[in-house]
Structure formats: structure tokens, C-alpha cells
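Participant: So the chains spell out like this:
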Amino acid sequence: KAGVTQTPRYLIKTRGQQVTLSCSPISGHRSVSWYQQTPGQGLQFLFEYFSETQRNKGNFPGRFSGRQFSNSRSEMNVSTLELGDSALYLCASAPGGGEYGYTFGSGTRLTVV
Amino acid sequence: QKEVEQNSGPLSVPEGAIASLNCTYSDRGSQSFFWYRQYSGKSPELIMSIYSNGDKEDGRFTAQLNKASQYVSLLIRDSQPSDSATYLCAFIGGFKTIFGAGTRLFVKA
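Chains A and B are the protein sequences, given in the same order.
Counting with the numbering used here, you get residues 1311 to 1423 for the letters of the first sequence.
Counting with the numbering used here, you get residues 499 to 607 for the letters of the second sequence.
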């Protein structure tokens, strides 16, 4: 059974650019959550999608957005990148609402220069 | 007040000892609690879930939940060097899983 797949694994962008990260959940999983992980802040919740609907959003600026497609694949987009956006972005999937826990992907390491 | 509080550590225990990790949370309505393990350079991995007050055992791991006191703990018996990792406490609140910053555990051989 394939796990959660995130692409790309590594990304280097320049300030002001935008970036799109992709996540393919485990087959059959309908919930996808995105997290930002930095050494100082730990895992910060970005948003959660279930059957193409965003059910919750974290305390991030509007530059961070996401969406989920009918096949449960999800993308997140960050526009007008700032140096502080450098982080590991993790996607996690679950069959339902995460009540039995999430399975994480390997993450996308974003570096903004 | 942070939603999830954990001692950042590092917690250092000798091989074979019991490691005790603790966590407090803010949402009294939460019903689902988790422990994730994260090795350096890797993504978090679910190791335990607990939903009722009391203890839940799985191999060398025991999770303990006390909803009245709003704390959850993880005991690792017979700690091994391979248990050295960061342990993240988490709970579900409003369609999101909220994580603590994690406790770094170091098991000395």
C-alpha cells in the first residue's frame, strides 16, 4: 500500500516568488492536513481538507492557500514568499477526520533565499 | 496558554530504564489523543492513540490519559537506543490535530 507522497522533496525559491506543493494521500483517505514545521515553532497547522472542502484553517496569512481535488490529492500554494516561510511542509492523510491518527508524508523542504 | 504543553527536554535515560513523557492540553472537549514519534530528519509517525481515561498498553509503550486533569503521558519500558527521537503529543480540536512542540528523548547505551 503506497504511503503519502509529497512532491517535490526539496525546493529553493527566491523572495517574492510563489510555490505550489503537492500531496497524494493514501488511497481511500479523504482527509488531508497540511503542517509547517520549523525548529522553533514545532508543527503548526495550516489547513485540513475533507472531500474537497476546507474544514479548518490555521493562523497563517492569506498568502497560504490550499485545495483538494476530487481524487483527494491536495495542493498548497504560498504566494509572495518571505524568508520566514523557509520550513518543512508536511502533508498527512487519514480515512475520516483524523480521529484514528494521521499518516504523514516525507515532507517538502522549502528554502527561501 | 499554549494548546499543548510538553517539556522540550532533552530527557536522557539509560538503556533498559523507563522513559516517562508528559503532556498537558487545553481543550476539555477533546476526545482523541495521540503520541507520535519523529526521528531526526524524518516525518512524524503515529505510535499510540488513546480515547478513554486510564492506561492503554502496546508492547513496550503505555499511554495514560486523565481528562479531568487534562494530561496525557507516555511510558516507554525497557528503553532502547533506537527509541531516541522526539515524541509529539497531539489531540483533536475542531477538525484539526494540534501538536505539542515535542520532547526529545535520548537513550544512552
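Hints were generated in silico from the structure; no laboratory data involved.
This structure is a prediction, so every number in the text was calculated from the model and none was measured.
It is possible that part of the hints are untrue.
[To be verified] Calculated lysine-lysine pairs in the DSSO-like style (CA-CA distance at most 30 Å, straight line):
| hint | chain 1 | residue 1 | chain 2 | residue 2 |
| --- | --- | --- | --- | --- |
| 1 | B | 606 | B | 540 |
| 2 | B | 565 | B | 554 |
| 3 | A | 1367 | A | 1323 |
| 4 | B | 606 | B | 554 |
| 5 | B | 540 | B | 554 |
| 6 | A | 1367 | B | 565 |
| 7 | A | 1323 | B | 606 |
| 8 | B | 606 | A | 1367 |
Participant: For every hint, state whether the structure bears it out.
Facilitator: Hints versus structure:
{"no.": "1", "hint": "B/606 with B/540", "verdict": "21 Å, holds"}
{"no.": "2", "hint": "B/565 with B/554", "verdict": "14 Å, holds"}
{"no.": "3", "hint": "A/1367 with A/1323", "verdict": "24 Å, holds"}
{"no.": "4", "hint": "B/606 with B/554", "verdict": "26 Å, holds"}
{"no.": "5", "hint": "B/540 with B/554", "verdict": "26 Å, holds"}
{"no.": "6", "hint": "A/1367 with B/565", "verdict": "26 Å, holds"}
{"no.": "7", "hint": "A/1323 with B/606", "verdict": "40 Å, violated"}
{"no.": "8", "hint": "B/606 with A/1367", "verdict": "40 Å, violated"}
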